[in-house]
Amino acid sequence: MTTRTVSRVRSPMVYRIQNRVSELLVHALLLAIALFCILPMMLILSASLSEEGQIATIGYGLLPRGFTLEAYEYIFKVPGQILRAYGVTLFVTAVGSFLSLFVMALLGYVLSRPDFPYARHLAFYVFVTMLFSGGLVPWYIWLTQGLRLTDKVWALILPYLIVPWYVILLRTYFAGVAQEIIDSATIDGAGEWRVFFQIVLPLSRPGLATVGLFLILMYWNDWWLALLFINDRNLQPLQYMLYNILNNARAIQANVAQSAGAVLPLNTVRMAMAVLATGPGALAFLLLQPYFIRGLMAGAIKE
Amino acid sequence: MSEGVVKRMNRRDFLKLAGVAAAGGILAACSNATPTPQPTTAVSEAEPATAVPELESVDLSYYFLAWGPMEDADMVAEAMSEITQAEIKANVQLVPMDWGAFNEKLQLSLGAKEPIDLMFTCNWANDFYSNVKNGVLLPLDELLPTYAPGYWASIKPEVWDAARVKGELYGAINEQIWANIVGFNFRKDMLDKYNWDPEDLGSFEEVEEYFAVIKENEPDMFPTGWFNANESPTLWGGYWGLDGIAPEVSTRVQDESAEPFLSWASDEYRQACEIARRWYLAAYLPPEPTTSEDFQAQMKAGKYAAVPVNSAKPGRDGEDKAKYGWDFVNAPMTPIVRPWINTNSVIATMNGIAYTCKHPERAAMLLELLNTNVDLYNLICKGIEGTHWVWVDQSKKLIGFPEGVDASNSRYNPNTDWMFGNQFNAYYVDAAQAEGNVWEETRILNEGALVSPAMGFAFDQIPVETQIAQVSSASEYGQPLGQGLVDTDEYLDQHIQLLRNAGADDIVAEAKKQLGDWRAENA
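Each protein sequence line maps, in turn, to chains A and B. Under the working numbering, think of the first position of the first sequence as 61, with each following residue one higher. Under the working numbering, think of the first position of the second sequence as 462, with each following residue one higher.
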């Protein structure tokens, strides 16, 4: 066996410098990518704190042009309204994603069990809705006249309760739980509910976390359901209310006989709305990140 | 084994559960929708002079666009109901809808047969022609003359024709500025400074003289600009007398035979592009088309000397003053043909009676009231006296906000008189408009306007759908030509050829055919 010798041997110091250089390059690249992500957010934040007139003449910048809170004042003119909207959205997101995750986990688990004889039929029943649907009008009639959900907060939660795509995802995750574990638990005397809650669910944390995050995003961003089913202004969720503020501002701007030259902060209002709509989500994610990672890794390492 | 027994039980239980759930679902579906309000029999007090025996009190709902703050809509509806109860024994429910909801949700509600009585419809929201095609509007030929005689007589038959589809009337037209009349709003301070009088302004060429003066003497200003990134002011049909009856097809308003032709191939369009190009090269226009928000901000900051207006109606200077902050002089231009009316301008705002309405005669009576009863009309337009507005000068019909209320905190300020009925019955909110008696002047303008020979003709796009789709994406030169961004001589012929290759001639032929049939029917 021939030993291969290194053609050129460099001194330890050269290696250290090489390491340092490559380290710096990688860091610089990552920093650039991070800046690409953060700078737009900072632009939005600064624009939301700027004066409308200055934005029109000078343009956007990283620092607020003429620091002012007028855009937020415009939105918070009736503070009760936006706080209520936040409340509605928080409730809908929390309850909706939890309930939806629970129901879909139940469904996915059942579909994943090979010893369930009707799994195929039930799966077909669920997944055919991905391809075919009764149409928009029948769905609307069912929800308004059949279930009478107009102006009820459940109208914002129930329609999205089961998303077939996530059910497939969860089913796959649950199928990954070895049948032996379930069998051994059953032999030890565990009933079906115990197996589900105490054996299978803890082992599927990554899947549940993924789907949970998608659900949170879905419920937080939704305004379509509010547009169709909510007429009561006290029950409007955040996104729909912001969407309306923007449209109304635009309409007023186009037709201002009675606004007596009031400067309507349109662009800055848009930016302020973006901050309000995405801010809490971003903040929550930042704060919850440690728990998230811990939760994700919990099932990964065998104890 | 006990385990097997347990398992079989579970299966049975599952089936039971599924059966109960399914039964519950079916039961819920079978239950009736919310019952409609029961009419209360009441002794009729005053018998109005219509043919309907007034025995029942009825609830009418009116769906329209919420354009401004409408928190007090219910309060206003109650005040309106007092009047309507006394007149036609009906209660009014106002349902203002936000933009998105109005276009999307209203269609679903109509499909779901929700009880909708009156609704706003036009050619830019809740599309009138789609509604007629889907059969959601009731024909008004018999309802209006019988139950809304005052309103019916107040509009000329030729104008009613605009809201007809295949001979049947479906839209209740709101009287407002109908005449197409194009012009500029010139900043008064600049006019005074350079001693230029826009009285009897003739044409775009005459305006150029003024623009040259501005360009020379005001280096920081542009003479005029685009108030919207897609607008081509020199191309406006209102100036040239071109009635756009179909995509890419126009007729000349003065042409009695209403011969359709390809708009871009006409002399008028060529001239318009040349004028725009001249202005662009002379830097009378800024180098880049601006969005409407940018233009508004720049105009406020004083960067332009004139605003092109696509409707230079009486009172437009006051409106633009409120929007931009400068004093303006309104200068309409009508060198080719006097102000004229066409289908699109008339159907820009109408109300319709939905097919789910249970009392169409009562709805028609409400339309009569909205268009003739000044108190009721101003209730819905302005709100309740004392709460939402107060008299400033009752003799001139001028109103203003009460103490402590203004445009930013008013709880009822729709600012859309044109949506609800005859705009000329509205009280003035602008002192200059009240002084100038704007409604009377506008009415005179409408009366004297030329009626386009193609009035009432509605082009059916289906036979040439593909060509229309192809033509709309055939050439990218349309907007730049119209805005003067590219050279006319170089690109106009190319543009026309591209349109022709994509099938524009088929559209013209189809328009010719449909127009011919329509004229034969309505001769």
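None of these hints come from the bench; they were simulated from the model. Predicted, not measured: the structure shown is a model, and the values here were computed from it. Any given hint could be a false lead.
Claimed, not checked - Calculated pairs, DSSO-like style, for lysine-lysine (alpha carbon to alpha carbon, straight line, at most 27 angstroms):
id, chain 1, residue 1, chain 2, residue 2
1, A, K212, A, K137
2, B, K676, B, K649
3, A, K212, B, K574
4, A, K137, B, K761
5, B, K857, B, K649
6, B, K594, B, K761
7, A, K212, B, K566
8, B, K566, B, K654
9, B, K654, B, K617
Results of checking the hints against the structure:
no.	hint	in the structure
1	K212/A x K137/A	holds (26 angstroms)
2	K676/B x K649/B	holds (16 angstroms)
3	K212/A x K574/B	holds (20 angstroms)
4	K137/A x K761/B	holds (24 angstroms)
5	K857/B x K649/B	holds (25 angstroms)
6	K594/B x K761/B	violated (44 angstroms)
7	K212/A x K566/B	holds (16 angstroms)
8	K566/B x K654/B	violated (53 angstroms)
9	K654/B x K617/B	violated (44 angstroms)
Consistency note: the structure conflicts with the earlier hints numbered 6, 8 and 9.
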